[in-house]
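Peer 1: Here is how the chains run, residue by residue.
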Amino acid sequence: MEFDLTRKMSEFLDRHQVIPLLDFLIQHPDVEGSYNKEDVVKAKIDLLSNTGMVDYAMETHVELYGTPAPVELENRRDQVILVLHALEDDASPLLAIIQDDQLMQELSETNSFTMEHLTTQHDVPPEVLDAIYELGKFRFDCGSYEDTAALMWAYRTLANGNNPEREFFALWGKFAADICTEKWDAALEDMNMLKEAIDSSGRSVLLNPLQQLQQRTWLIHWSLFVFFNHPDGRNGITDFLLSDKYLNTIQTNCPHILRYLTTAVITNKRRRNVMKDLVKVIQQESYAYSDPITEFVQCLYVNFDFEGAQDMLQKCEDTLKRDYFLYKMLDDFLEDARRTIFETYCRIHQVIDIGMLASKLNMVQYDAEKWVVNLIRHARLDAKIDSQANQVIMGVTVPSVYEQVVDSTKNLLIRGSVLAQNCDRPQGYSGGYRGDDDRRNRRGRRDRTN
Amino acid sequence: MSRFFHTGDDSDTSSESSSSSSDDDVGPSGARTTVGGVTRSRFLQSDSDDDDVKRISRSAKDRRFDALVAISNDVKNHIKNSDWSKLQEDFDSLNDALKKIMKTDMVSGRKPPVPEIYVRAIITIEDFVSSTLKEKPKLSKTNATSLNRMKLKVPKNSRQYKAEIDSLKATGKPTLYDMNMDDSSDSDSSDDEGFKKKAHDSDDSDFSSTDSSSDSDDGGGRGASIWLRKDKVTDSAAETSKSRKVKKVSVARDDPGLADDADDDDGFTVVTRKPIVREVFKPEEMTEESVDAKMLEILQARGRRGTNKLEQITLIESLVPCSKSPRQRIEIMLHLISAKFDGIPAAKLFMPAELWRSAIGNAKDVIALARDNFPGIRFSDEADRQVEDASILLKGAALGGEIIDPTGEAVEGTGAKGVANEQVKKTEVDAEGQIIVRGDIVTTFERFDDELYRAWQHTDAYTPEYVERLKDETALLDLAADVQIYLETAADREEGRDASDGVRLNALRARAARVAARRVTHMYYKPDELNNKVEELCGRKNSDKSLTELAVLVYRYGDERAKSFTMLAHIYNHALENRFFAARDMLLMSHLQETILDADVPLQVMFNRTMTQMGLCAFRIGKPREAHACLQELCSPSFGGGGGGLARMKELLAQGITQQRGYEKTPDQEKAEARRQIPYHMHINLDFIETAHLTSAMLLEVPAMALSKARGDVRRYAISKSFQYFLRNSMKQAFPGPPENTRDFVMAATRCLMRGDWNGAYNHVRGVRSWKALSSTTRTETLERLKELLKVEALRTFSLSYSSYFESMSTSQLSHLFGLPDAKVHSVLSKMIINQEMRASWDQPTASIVMRRTEPSRLQSLALQLASKVANMTDNNEKLMDAKTGGGDRGDRKDDGDRKGGDWKQSGRGMRGRSRRTGGGGGNSDLRNRDGMDSRSGNR
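In order, the protein sequences belong to chains A and B. Residue numbers for the first sequence follow my numbering, beginning at 1 and rising by one. Residue numbers for the second sequence follow my numbering, beginning at 1001 and rising by one.
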């Protein structure tokens, strides 16, 4: 299937996170026909048999072939259970405490959930801490995500900066677990912590620039789960991905993320300010990556080719509804994209035929008229409808000369006063205050001239 | 410097070809001395330094005869030594000398008789040739060829003087040896006799003294040289009387070791000359040890004053078949190669083609041998060197870099005694039983590369020789591939070993990277198309590895400079293949533009070349903005000097030496500049650069000018100052003539474009001659893109300039006018409306654009003007204030200061200036791009 990113994305995701993607490909009606279902299921089995979720793999196997699962899987299952028990034994002293809710509450109330306290008061040997980490890791592999999150949390709290690298991985573990259990708030929190840890490389964990880049790439991909499911996600993703470092990461390592970014920006109410930046990035990367969504933006904001944008919108629909992350946003996207087209269109026209507009917006004429009226009513458009000629007539604003004059002289006063102040000051002295002030004025002026 | 040295120089050059040519000098100048008495020939100066020897006044005619006599002496000597190549030269000079004699006398109107001595010399040579041909002795290669040539020449020559020869033969004593006192050429007055006698006596004593110490003396070389030089001078100047001649001959006969070799570089090579030339090694007679010993013996003579380098080469060459083991063979071959490198004549700036080719053949043999015997034999490397004593290193350096050092063990025993005493050569075997050969095949290869490069630099690019030398590149690349494969195999083996030696592994990798870096320099500037063609012609693959693979190797293991260079070469190649984005990303990630000013000049030149190629690439794919940004700095006319854009371009790209007005280069600078010139076949077409630059500037400037006019801006930021300068000049002309050069063509195109006449502009741009620099397909593509760009810009210019005269314009009319599809017109104009360049809006039902230009009233425009003037004044006041308080830390101003303060003479300087400026300049898309990229690569 054209423009499908599952393969690319799965490079950067955890095995457990790919499962929902594959499930989506198997089950979702819109995706029907784009992949051979059997192949996908096979892929899923392969995937599963590499994890600890042997039962699930066996089930899927039975489902696909109708025959009992092969002996290897059975053997593997025994192994997994064996290892799990061994790890649980190792970690038992601490595990008992963690699972004892009452005790935990007590401990956290007295602020004594520390390794020191546990060792002295509850006879927990220090080695158990590492066992907890291992157990958490293994449990995640087996698919018991909830336990993992708890264990990882416990590990991080107890280790308390003694093993920064492990704690960093534990954080990743918790993040993964939270994503898999769909606890978006917790996941968002984890994500921010991770982001901080990566950005401030050297404080807790030391990463070389290449590692940093990789970590960021992963973070970006994993964060998609959070952002497209969390209620505040759309704002979050634009802020997150458009920050310099992450934008650079996208450009360097994974330009395909631009699709998600673009979708988020278009469906975001605050898009105006960031659109310009996004267009630049899309243009720059157009040789490396393009799909209907980025092309839509290019048509609209670079070439002002409204027909092309309209065509692209059709393709966007096809692409979006087959994307695991975006299919839920399809309607929002279409609506917002349409409005974007229309707004831009209106900005450069004085008279528009409603019939033409309707066909462009994929609406019947009556709906289109209603839609325009709604826009006008919400004061988002300065226009009137000539219902006899069936036209929309745009209001025209000519910037007044007086306004221009006022604009260009507005800051003269303050600049003059700054000058006057500086004149009084002894020569050679320039306090920080003056410099800052002066520079701010300058910048202001430059913006205006631009 | 004393005059001795001065004169020494003199004889060096004149005796290089033959003694007769030096006589050429002597003749007239000697005569002049007689007449004027004031002007002294350089030659005679040396005489006057010594009070013992007086100047001798002689006629020009006599001098010529003397020359003849001197040559015939040489002939005798060379016959004695069977030195055929010398003999051949003598023969030629004999003829030259004769020609001169005949010519002078023709002035007096009668044809003089052929001098007897000449005829005698010819007969002698002829006899010798025929006798040699009969005997068929074993001769070295050079001698054999000379003999063959002589075989042809001599009889032909003899035919001319048949009568004379016959008459002389009739006397029964026709050869030089039979010549006695009745030589009629001696017409000297006898007054000088005493003088000359005296001089000669002293000469002879000198001879014998040097002779006695001739075996290995070179400490006294300097002193002896003075004497011998003098001797030579007096020889040619005074040797006339037959008595002395006979004496001289007898001296020569008595002492064969003395036989002078007039063709040596120095006039006094007698000293160390050894009679080993004729030594022929018989492989079956020599043992491995004796070959080693012989080699060492030859080596010890190396670099000494008076060692004949060519002889050494022949010697070592003849030693090659004697080698008993691959190890020995490799070593001897390596010596042979270094001897060949030594054999470069001092007067030549580079290695002659023949020598180079034969040497590279040897190198190929070496690497083949090494490969066949892999891993039994390996070359020494850093790991070994670490073990060694520092003294060995010193010695290695003294012996000349890549020569084999004597073994570590041997040195331990003899280290104190010094190099000369080193006699023992033991084969070194490392712990694994690998035989270690001292030598660095990579350095040797690099030397080949350098020599070839130098040959390119110094050969006239329009001659067939240049083409011949270009062909040699194939051989070089072959060798490079072989060497690299060898090194990589060795490295892989090292890595695969259990106890692999980290140092050694790194050394091997680093060497492979060095070879790779060199290979990259030979590949990067060739388009794939060319490479393929060459491959077709050669009937084989030119390289086993792609440029990228090689570059990756360098990035991984190479040193910093090689990395930078390879990176630039890689970018250049991307640009050459029109992969602009890849090139751009790579350049920005390399961060080279930040550090390039601290780099050495060749690297800066490379950077400039890369930037230029990027610009051309952008131009070819139809991106005038990027092209302009890349080329602007290169093409801007030089500051201060009036050399113009082209001169500066030449300097920055090292494509020709230019003279700047008002600035004299010191000889050192000139030499340095000559050294870094880029060979002709790697040049970038300057004319095309100019075309690309000006055309891009035109595409950007013309609409921008129209825009600022439409807006009524007072001041305007110039996109390209040089373009505006040219345009102003061109506009001054009342009657522009037909365009002649690139600039004219572009200016003519600009005039058209300003009227919105895209077709005229296109035709003018197409008329530029430098389009020939592109291949036909690229040319058509580029022109096609250019045409589209011109249409769009013409549309923009037109609608900006003339919008005030229209109430509305219809899309269909515009699209007809500019040959663009409706959609394109719509898109271009929409963009202008959105960017608020034009006050207008579309009337959708009629598909036309309605202008909304409101002319401000008089009062309004005055108010606007006033406002902008007041703002200006405040600006200026602030600047004054800043200057007063000394706080000039703002980015824009700093930039200016930097630009002026920089040393403008330095190549590559501008490029940094540019990157900073683009970083600082506002609003262009490139800027953001660059900044973004910068921080992006920070992540890497």
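These are calculated hints, taken from the structure and not from any lab test. There could be a bad hint or two in this list.
Among the chain B residues that face chain A by a calculated CB cut under 10 Å, a handful are [stated by the list, open to error]:
| id | residue |
| --- | --- |
| 1 | LEU1700 |
| 2 | GLY1767 |
| 3 | SER1868 |
| 4 | GLU1878 |
Built from N, CA and C at the ideal position, the CB exists for glycine as well.
Peer 1: Please go over all the hints and tell whether each is borne out by the structure.
Peer 2: Status of each hint after checking the structure:
1. Because the closest C-beta pair between LEU1700 of chain B and chain A is about 18 Å apart, greater than 10 Å, the hint is violated.
2. For GLY1767 of chain B, the interface hint is violated, since its Cβ never comes within 10 Å of a Cβ in chain A; the closest pair sits about 32 Å apart.
3. For SER1868 of chain B, the suggested interface contact is upheld, since its CB lies about 7 Å from the closest CB of chain A, less than 10 Å.
4. At a threshold of 10 Å, the smallest CB-CB gap from GLU1878 of chain B to chain A is about 7 Å, leaving the interface hint in force.
Going through the hint list in order, the structure does not satisfy hints 1 and 2.
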